[in-house]
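Novice: As you go down the protein sequences, you meet chains A and B in turn.
Residue numbering for the first sequence is 1 to 221, as defined by the numbering used here.
Residue numbering for the second sequence is 1001 to 1112, as defined by the numbering used here.
Note that these hints are calculated values from the structure, not bench results.
Keep in mind that the hints are not guaranteed to be accurate.
[As the list claims (entries may be wrong)] Below are the EDC-like pairs computed for lysine to aspartate or glutamate, each with C-alpha atoms no more than 20 Å apart in a straight line:
id	chain 1	residue 1	chain 2	residue 2
1	B	1092	A	156
2	A	198	A	103
3	A	126	A	89
4	B	1081	A	89
5	A	198	A	156
6	A	24	B	1062
7	B	1092	A	86
8	B	1092	A	39
9	A	179	A	103
10	B	1081	A	86
11	A	24	A	86
12	A	113	A	89
13	A	24	A	35
14	A	113	A	193
15	A	181	A	156
16	A	113	A	156
17	A	181	A	103
18	A	139	A	193
[Unchecked claim] Simulated coverage check for chain A against chain B, where a stretch passes if three residues somewhere in it have a Cβ under 8 Å from a Cβ of chain B:
id	stretch
19	31–45
20	48–56
21	61–70
Note that this is a predicted model, so its numbers are computed, not measured.
The beta-carbon is built from N, C-alpha and C at its ideal position, and this holds for glycine as well.
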Amino acid sequence: MVIAAYNEASVIAQTIANLREYVKHIIVVDDYSADATAENAYHAGAYVLQHVINLGQGSALQTGIEYALTQGAQYIVTFDADGQHDATEILPMLLALKESQADIALGNRFMGKTQGMPLQRRIVLKLAVLFTQITTGIKLTDAHNGFRVMTRQFCESFQFRQNRMAHASEILNYIGREKAKYIEFPVTITYTEYSLLKGQKSSNGLRVLMELLMGYVSKWS
Amino acid sequence: MVLAVFLTLVFVFMAVYSFVFIRRNLIRYLSLVIYAAAIFFVWNPNATTVIANFWGVNRGIDFVLVLLSIALMNGILICAKHISSQHQQITKIVRHMAIRDARVLEDNDHLH
């Protein structure tokens, strides 16, 4: 289980406590938080890795994934730090991945019981789905869900190079390009005042687009 | 004359810079040809006027300024690539340190 955390001191211990019933090994990557995120995660029993500068969520996830691989993990789950995901859905999602023999299971909030999603967020996410279909050719109904289960083989061949929010699109581009086998799994996302405040802003869509574009330019030149 | 020398220097610099830092051979050589043509046009303004008219630009000097804009854009993209490359290097260092210094409560050390 890999969690990227940035200034999540007020919720990280509770998120870990919720997870410990279902997951044995929890890795929290603190992305240079200004608060006590790392200490709270450490005392809650997680493996804690700390970035010495702020790099972004994509980079923090990759750090956690690489650490999990060095420790022999066979399946790696990514989960948001703010507690908006439901820990009880991890095991069913893992079983679905194993049964399907896919490389990755992607959480899908539109198939699940999502609660409290603002209309603006719904519109932006649907636009992201449309963009993903056009650019990758893969047909998803939720393009930017942080709840994923991946096999070791997938994590060994894929690497997040987009340090910030564009990582969510990057992984879908990879799946489309490499024809990786994926499944979508219905998950519950509970939007709280805290998660809406902390989570990705709807206006960040354009920024994600520019990050992806610069990524292509850097690779091309 | 002063502008011609200045533009020549800019184009020569960008040609060398592009040649050294662009990795794809096709684009490297293409940029060399484009910069060589640009320098030719700087010193042969009549030729640029003919071409400028063909592209719908009125004067040769305007055409050269368009080329200069392209050169500047090329420089910006190369700089962006450098910055991106440096970010990747910094990321690797930070990641290495984070993994090296990973910690867990002793009574919870059961990952294996």
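Novice: Hint by hint, which ones does this structure get wrong, listed from lowest number up?
Specialist: Checked against the structure, the hints that fail are numbers 2, 3, 4, 5, 6, 7, 8, 10, 13, 16, 18, while the rest are satisfied.
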